[in-house]
Amino acid sequence: MTEDPSADGWHYVIAHMDYREIVDYINRNFNELYSPDTREEPAAVLRVSPKDWTELAYFLRDDENLVFDSMMCITGIDYGIEDENLGVAYNLHSMTHHHKLEVRIDVPKSKPMIPSVEKIWRMADWFEREIYDMYGITFEGHRDHRRILLPEDWVGFPLRKDYEFPETWHGIVVPKIKEEWE
Amino acid sequence: MELLLQKFSEVSFLSGIPSALLFVFAATLIAVSLFMFVAVNAIVAVYAERKISAFMQDRLGPMGQGVGLHAGKWGLLQTVADAIKLLIKEDIIPSLADRKLFILAPFILFIGAFIVFVGIPFNQHILVADFNIGVFYIIAMSSIGVIGIILAGYGSNNKWALYGAMRSAAQIISYEIPLALSLLTVIMLVGSLKMQDIIIAQHGLIWGILPNWFIFNNPFTFIAFFIFFISGVAEVNRTPFDLPEAESELVAGFHTEYSGMRWAFFFLAEYANMFIVAAMSAILFLGGWQSPIPGYMDSPAWGLFWFMGKAIFLIFVMMWFRWTFPRLRTDQLMQMCWKYFLPISFINILGVGLWDLWLN
Amino acid sequence: MIRYFSNIWQSITTLLIGLRITLVHLAKARKGIVTLQYPEERWPRPERNIGFSHDSYNVIRSRLHVDIDDCIGCLKCVRACPVDCIHIKTVKVEKGTDILEANHIGITSNGTQKRLLLTRFDIDMSECCYCNLCVYPCPEDCIFMTGGPNSSKQEIDYEFSEYNRSDLIYRFAKVPKDQVEKYTPPPKEKVKIDVAG
Amino acid sequence: MGIETSTLDRSAIHGEEMVLNIGPQHPSTHGVLRLQVLTDGEIVTKITPYIGYLHRCFEKHCENVTYEQVIPYTDRCDYVASMNNNFGYAVAMEELMGIEVPEKVHHIRVIVAELNRIASHHLAIGTFGLDVGAFTPFLYCFRDRERILDLFELLCGARLLYNYIWVGGVSHDFPIGFVEKVYEFLDYFEPKIQEYNDLLTFNKIFIERTADVGVLPADVAISYGVSGPNLRGSGVKWDLRKNEPYSIYNKFEFDIPIGTGAMGTVGDCWDRYYVRIRELEESVKITRQALDQMPREGDVHAALPKKIRPPKGHVYSRTETPRGDLGFYIISDGKPKPFRLKLRSPAFTALSCIDEIARGWMIADVIAILGSLDIVLGEIDR
Chain R
1 MTEDPSADGW HYVIAHMDYR EIVDYINRNF NELYSPDTRE EPAAVLRVSP
51 KDWTELAYFL RDDENLVFDS MMCITGIDYG IEDENLGVAY NLHSMTHHHK
101 LEVRIDVPKS KPMIPSVEKI WRMADWFERE IYDMYGITFE GHRDHRRILL
151 PEDWVGFPLR KDYEFPETWH GIVVPKIKEE WE
Chain X
1 MELLLQKFSE VSFLSGIPSA LLFVFAATLI AVSLFMFVAV NAIVAVYAER
51 KISAFMQDRL GPMGQGVGLH AGKWGLLQTV ADAIKLLIKE DIIPSLADRK
101 LFILAPFILF IGAFIVFVGI PFNQHILVAD FNIGVFYIIA MSSIGVIGII
151 LAGYGSNNKW ALYGAMRSAA QIISYEIPLA LSLLTVIMLV GSLKMQDIII
201 AQHGLIWGIL PNWFIFNNPF TFIAFFIFFI SGVAEVNRTP FDLPEAESEL
251 VAGFHTEYSG MRWAFFFLAE YANMFIVAAM SAILFLGGWQ SPIPGYMDSP
301 AWGLFWFMGK AIFLIFVMMW FRWTFPRLRT DQLMQMCWKY FLPISFINIL
351 GVGLWDLWLN
Chain V
1 MIRYFSNIWQ SITTLLIGLR ITLVHLAKAR KGIVTLQYPE ERWPRPERNI
51 GFSHDSYNVI RSRLHVDIDD CIGCLKCVRA CPVDCIHIKT VKVEKGTDIL
101 EANHIGITSN GTQKRLLLTR FDIDMSECCY CNLCVYPCPE DCIFMTGGPN
151 SSKQEIDYEF SEYNRSDLIY RFAKVPKDQV EKYTPPPKEK VKIDVAG
Chain H
1 MGIETSTLDR SAIHGEEMVL NIGPQHPSTH GVLRLQVLTD GEIVTKITPY
51 IGYLHRCFEK HCENVTYEQV IPYTDRCDYV ASMNNNFGYA VAMEELMGIE
101 VPEKVHHIRV IVAELNRIAS HHLAIGTFGL DVGAFTPFLY CFRDRERILD
151 LFELLCGARL LYNYIWVGGV SHDFPIGFVE KVYEFLDYFE PKIQEYNDLL
201 TFNKIFIERT ADVGVLPADV AISYGVSGPN LRGSGVKWDL RKNEPYSIYN
251 KFEFDIPIGT GAMGTVGDCW DRYYVRIREL EESVKITRQA LDQMPREGDV
301 HAALPKKIRP PKGHVYSRTE TPRGDLGFYI ISDGKPKPFR LKLRSPAFTA
351 LSCIDEIARG WMIADVIAIL GSLDIVLGEI DR
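Chains as they are written, first to last, in my numbering: chain R, 1 to 182; chain X, 1 to 360; chain V, 1 to 197; chain H, 1 to 382.
Extracted from the complex, chain R is given alone in its bound form:
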């Protein structure tokens, strides 16, 4: 931490650790489990497998050198029709140390299950529900696992690339392409 954020005046805070340092630090505590991304920052991500995620999430939040207390965003990704994976990107940020980390978890489309971090970062509650709503990724351990934006009885997961728009919904015809005007 370079400057006290509560101090008055100018405080442009420089990040405490960069991506490589964070990954090294995590690896020191996790038996060199994670291989760092070869890309440059900020595109570099930390790839995590679903089974390690809960343990790592607690570590990321609670370790005093990391303190990722703020989850910025959770994004669901469909890598394409050919690709067999769905992804979830977690953008983490530390309000105390001002560093960032992106964690990416890939799950196969056949069995999209990721442990929920809703209890760790409360903000994940609605975001995970939204990803379930749009991609059909199930978050295990989520206490309120429902659709959020779409109606409860909606069929399919609209943001998947292979999603086909329904012809009707409750008997209401969904206009696909606008008819010719003439």
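Check the hints yourself; a few may be wrong.
Going by beta-carbon spacing under 10 angstroms, a handful of chain X positions derived as facing chain V [stated by the list, open to error]:
| hint | residue |
| --- | --- |
| 1 | I52 |
| 2 | L60 |
| 3 | I139 |
| 4 | A140 |
| 5 | W338 |
| 6 | Y340 |
Calculated lysine-lysine pairs in the DSS-like style (CA-CA distance at most 30 angstroms, straight line) [claimed, not checked]:
| hint | chain 1 | residue 1 | chain 2 | residue 2 |
| --- | --- | --- | --- | --- |
| 7 | H | K312 | R | K111 |
| 8 | R | K111 | H | K337 |
| 9 | V | K28 | V | K95 |
| 10 | R | K161 | V | K76 |
Here are the simulated distance ranges between beta carbons [stated by the list, open to error]:
| hint | chain 1 | residue 1 | chain 2 | residue 2 | range |
| --- | --- | --- | --- | --- | --- |
| 11 | X | I177 | H | L149 | 26 to 32 angstroms |
| 12 | H | E190 | V | N164 | 45 to 51 angstroms |
| 13 | H | N250 | V | L16 | 42 to 48 angstroms |
| 14 | V | L16 | H | K46 | 26 to 32 angstroms |
| 15 | R | N27 | H | Y53 | 19 to 25 angstroms |
| 16 | X | F222 | V | E41 | 47 to 53 angstroms |
Keep in mind the hints are simulated off the structure, nothing from the lab.
Even glycine gets a Cβ: it sits at the ideal position worked out from N, Cα and C.
Since chain R is already given, all that's left is putting chains X, V and H on it; use the hints.
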């Protein structure tokens, strides 16, 4: 009333008609004219409220310009147009509502407001009945309206309406107490419940400058006036005490389900109640129809002018409140009543008693 | 106890301050009113002076208009539209010739020779999102939102509501309806371009 | 916390909890929102928000239009602060593509974004007043907001959905006389803040209604991802314009107002409201500086190819809108259309904590808390 009957008996061509019939005729005449007064009062007050609120908010309010159907110069016909619209609007009764209560409620509320007018002296002579218990009558009758509100809330089978009704019941019953207690101070000074006696007791001057109105009589009645007036505002459910119909919380409160003419009766009753509170404050504390300078401009016509002037000013103050203040919360409303107004009212009664003993 | 009385005092003072403000506004009502009495008074058109001479800087967002005589059928506006509200159909004709029975003038006002006859140029204003994106790429400056520097061509008009939704489909192509068939070549030749379809 | 209910002997009252639906049609849900509220008398015991009534597939749309065409759609997310949304998207895209925009563009963007922040806070303040029952401040706010909308109409022809800030620049330069008009507006506007304060902020009834109500502690706020004025109201000095300066915010002198608990507890409704009032002043400050420093000549668009094709990769970039951190997660596959575009809206996270902070309060307080969070449903449902 007696005066009217007396006048009737003097008219020669009515002499053959039995007195009972004459009485009915006189009563109907009075009732119709009072109803007209209430209706006109509502129409004028609604127009005034819209204009005042508009000017306070840097708007113009209802305006009419151009050709064709429009609301007249400065929108003068706006409320008339509204009234016509309400009259011809479809009358909707929810299918699950308690039909009888739903229909009955607005009339009870309106009657509660309407019969109070019997006891209000407009000037030296225009007074339907000067009861011995005038003040008591008015206080008693003005509380009938709350039954109408509860019935409306219960009968419309709507949660919002029920909330509004329950709030209203709690609020009106609570605020009756500081209202009546501050009214007691005046009665202690006059020693009579008769309206005209109260007004006549305020004749004259204090210290040669101020009119001898009860508001200036002593510091305790000065406070009592404000408690009375603010409690009155709470009684008629105006902002900042408009919890029963709090539009941002309870949609429209107890009259959520009402439309058309039934809704208009709620409106009519609200403005009638406003007039009653303003008139009562004017009578009890501001000298009623007494002129501010005793001896000048004291004729009955001026009396009507002074009385209406005072009442209209107080109605303006209520509108002024409404367009300035936020709304209180239910518990704060109760807190204000029981923690602030009630103790102060008791002190007022004690103070007025001591003052009266000590000075007179 | 102190809190009790300070509460009363605060209430009285702050409420009086509030009352004063509204009263001042009421008293100064003549000066401060901001209402515009709509059908009689119109919103004054903002004085826009973009500072450039060229007409492509048309910044008023009212309804779309096309100077159809200048349109060369390049479909750039169709591609720019995020909501697909512009539909164009063209037919290849001889370059630069006037076909008077189809109201086709071969040369635009910029001097470009047209090689396509517009058999259809429809804009569905009920779908338009007024983003102005179609105006920028037009090479002939012929599609624009009314008003602005082009106001000499089109009056500014904010009120164009219609009773029927289909009246909001503006048809600009001048080819008479019965002649569309005549100019439409058989589909085999694949000259018909219908991006919007 | 909450209203004291323990004094009542619960067992003696055979009451039952009532389910009350606040919305979807309700005067003060700021859009189409449904709060399913479990009430015990007036006291709320549980709140379940139901959203999605305004869902219009923003993210799916974005995958089917080109990068330029996304901008009109971002307008419609937070429709009371469209400039800031355009700005956020433009910043994200420029980060993804590695574009440097001209100095003048930065200034123009900051000016319009701050003006829009003022307009948005006007709406927040006014509707919050409306929620607690004060009608007049609402119209005063709208009166002043209207002036900003007039300025924007002068600037880009639209009053609400601007499509003004583009990737790599802005759509066109300031019209002649615009800068003077902005100065004129700022001079007009600054004394008006005092009027709001007198009429609403320090009104005793208003303080009673909002102070100590709906306290959002700092750690809960961070855990819920609450950002912007709501987070600052909880006493966290966090503002992306200061802490992670994007564009040229690091060139300007301004303060970050935070909630101090002046009228009650830190993080109550009053603090959140007052942070917005103070931010009006700060925005005026920033706008003045930006106007003073703005180069008068220069291009307003960076050199860009006709069709924007960002390189393969992804970016997460966030900017400070009037409601908080607006994040854009954009994945590009090198084609002219986004592969994936995620919008992390600040109001979405702000609304998600409503159950946490409004439980145990009265119905009237729930409305006030909802108003103090300043949500825009267009952004929540996207």
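How the hints compare with the structure:
1. I52: At 7 angstroms from the nearest chain V Cβ, X:I52 passes the 10 angstroms test, so the hint holds.
2. L60: holds (4 angstroms)
3. I139: This hint is violated: X:I139 lies away from chain V, its Cβ roughly 26 angstroms from the closest one there, beyond 10 angstroms.
4. A140: violated (30 angstroms)
5. W338: Violated, about 13 angstroms.
6. Y340: It holds, given that the least Cβ distance between X:Y340 and chain V is near 7 angstroms, below 10 angstroms.
7. H:K312 with R:K111: holds (28 angstroms)
8. R:K111 with H:K337: holds (29 angstroms)
9. V:K28 with V:K95: violated (68 angstroms)
10. R:K161 with V:K76: holds (28 angstroms)
11. X:I177 with H:L149: 26 to 32 angstroms: Violated, at about 50 angstroms.
12. H:E190 with V:N164: 45 to 51 angstroms: holds (49 angstroms)
13. H:N250 with V:L16: 42 to 48 angstroms: holds (45 angstroms)
14. V:L16 with H:K46: 26 to 32 angstroms: Distance hint for V:L16, H:K46 is violated at roughly 41 angstroms.
15. R:N27 with H:Y53: 19 to 25 angstroms: Violated - the Cβ-Cβ distance for R:N27 and H:Y53, about 46 angstroms, lies outside 19 to 25 angstroms.
16. X:F222 with V:E41: 47 to 53 angstroms: holds (48 angstroms)
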